[in-house]
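Novice: These protein sequence lines map, in sequence, to chains F and C. Numbering follows my numbering, with no gaps: position 123 of the first sequence is 123. Plus 316 on top of the position in the second sequence (first one is 1) and you've got my numbering.
In case anyone wonders, no lab produced these hints; they're calculated from the structure. Idealized CB from N, CA, C, for every residue including glycine. Among the clues, some could well be false.
[Stated by the list, open to error] To give an idea of the interface, some chain C residues facing chain F are shown, with a C-beta separation under 8 angstroms as derived from the structure:
hint	residue
1	Ala457
2	Gln476
3	Thr477
4	Tyr481
5	Gly486
6	Thr528
7	Ala529
8	Val541
9	Ile561
10	Val570
Each chain, written out:
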Amino acid sequence: MKTWVFSTESDGEAAGSALEALTKARDFGGELGAVLVGEGSEAALAQLGAHGATTVLHAADNTSSGVIAAGVAAAVEAEQPDLLIFGMGNLDRDVAGRLSARLGKPILANAVDITEDGGTWRVASEILGGSTMVVTEFAGGSPAIVITRPKVFAAEPSGGGTPTVTAMDTPDIGHADAVEVLSQHAETSEGPDLEAAAIVVSGGRGMGDEARFGALNELAGILGGAVGATRAVVDAGWVPYSLQVGQTGKTVKPDLYVACGISGAMQHLVGMKDSTTIISINKDPEAPIFGISDLGIVGDVHTVVPALVEALKARG
Amino acid sequence: MKIVVCVKQIPDPASPYQLDPESYFVVRPNDQVLDDTDRYGVEVALQLSDELGEDASVTLLSMSPGGSQQGIRQALAMGADGAILIEDETLRGADALTTSQILAAAATRAEADLLIAGTESTDGYTGVVPQQVAEIMGVPALTFARKVEHVDGKLRIERQTQAGYDVVEGALPAVLSVTSGVVEPRYPTFKGIMQAKSKPVETLTAADLGVTAKVSQKIVSVEEVEGRQAGDIIEDDGEGYLRIIEKLEEVKVV
Ligand SMILES: Cc1cc2nc3c(=O)[nH]c(=O)nc-3n(C[C@H](O)[C@H](O)[C@H](O)COP(=O)(O)OP(=O)(O)OC[C@H]3O[C@@H](n4cnc5c(N)ncnc54)[C@H](O)[C@@H]3O)c2cc1C
Ligand SMILES: Nc1ncnc2c1ncn2[C@@H]1O[C@H](COP(=O)(O)O)[C@@H](O)[C@H]1O
């Protein structure tokens, strides 16, 4: 058995999704490897090794997904891995998609579990906001290509050492490589990291406008939490995409999630339904968010949130 | 410039969709709607086409049981010139790769300079079709665009990233995938709706495109899972915030 996981690198760290996937892949036994796209810092390599990767195929340039996919495809043909696991990041999806087409192999996305039985791979995924589980089997031969949802497997070190690193051959792919990254921009938000925070205070369109959405910064500040948002709010331009929680945003599993003026669309629930405690405030008693809330306040966020902030401040 | 836009027809998300108990494929009603996600791609195409003037055209591309073609007509009503519909019984339950092979073959046949797709569909959400299509066509992919410009014959986008955005440029022909933050899609006008009725829709089969559907994945089970239960839902009487504080104390946040 041979499993490879895909990892990007940022600020010298391997992707969390890759460490989670390596931990899961240890269940299958055999050889574990990683494809690392980025600088290839000692720290990132050590992290991959510590989670079980014994080999790393390294590509230093992350600008062309076409070139990376062609490089991985060549390595796949030479080394014949059985399973390839990707995360949900942009480059993960770009490379996975191109690789699948190049190899003529299907891809199963949104995986929340992967199992193997006599050489057949099965992937479980949730539909309809998590109320239904679908299990799909690969029938197209190896390698099985899977894109997993974040945080479904917990990353745990195995105590492995530094992996052997091979530089990826990057083939000439002609016109398909005609892309250039002109500049990169960070849109930072203050406060704790959304994905790691123990408390998340999120707002939706019910917050009214950009200025009033700001009330949530104060609440999050007092509780020591991070601010999150729905896609509706991100699309409206009130907050950057980095705050988006849900299917196409971040997946969070905090101890406490406070949902303010959020309807609870399936695509939002997918990103937060596994929070330990959920408190929501919405003026519509029928809002689907109440269906998964431990405490729901049917009321106006513009009165409940300020009252809560004042009361918490008074407690000091 | 020939712009081809992928539009998916899907069962109306407002009414719960049904799975065929044997095949587990989604039962597709005669009236399917335009996937909201694809309205953004259509709008980007129309704006680019307006900017480029006479030389540009916008053709829709959809693989689906045609049915009443309601979803396609919705996109035509926004202003596209015509549509290509791939309708074929052998493509029922096609996986993402088969879908991509069909879309790529049809786009190549239509001599597309630019193929636009959504980032991910509402009903399928595999989110890899644009990348697969680009690979099959052998062209660059500009993905996750939140802003699109046409500069000196090239396409320049702001690519949404986890940290912020990258400015990325690509030469045509290319595939572009757009997010829902990219533009504000227009609503069809009455005139647009009337005109859409007589716009050309070319219907093709998989064989016309030289693609044979392969079964490479199979759903083996579909089960309801025990969801989370709702707790106390209470009407705010002016003191709702106190209930929140009690809860915060209970879970030891304050
Ligand atoms: C492919 C795809 C991917 C998607 N990905 C995501 C994703 O990653 N994340 C995401 O969030 N969404 C995602 N969506 C969008 C999702 O379907 C919803 O449209 C979105 O989550 C709605 O955001 P909202 O709850 O802020 O807005 P709305 O649905 O408009 O809800 C606003 C809520 O605020 C309440 N309200 C209004 N005023 C007040 C008030 N004064 N006090 C209290 N309550 C009030 C209303 O009752 C309502 O329930 C995706 C959609 C698609 C198709
Ligand atoms: N059957 C289809 N017909 C036309 N376009 C499609 C089809 N399936 C997927 N697409 C396009 O590919 C994008 C991503 O789809 P998906 O991979 O299903 O999430 C969608 O937003 C559409 O633009």
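Novice: Does each hint hold? Answer for all of them.
Specialist: To see whether the hints hold, each was checked on the structure:
no. : hint   : in the structure
1   : Ala457 : holds (7 angstroms)
2   : Gln476 : holds (5 angstroms)
3   : Thr477 : holds (6 angstroms)
4   : Tyr481 : holds (5 angstroms)
5   : Gly486 : holds (4 angstroms)
6   : Thr528 : violated (12 angstroms)
7   : Ala529 : violated (12 angstroms)
8   : Val541 : holds (5 angstroms)
9   : Ile561 : holds (6 angstroms)
10  : Val570 : holds (7 angstroms)
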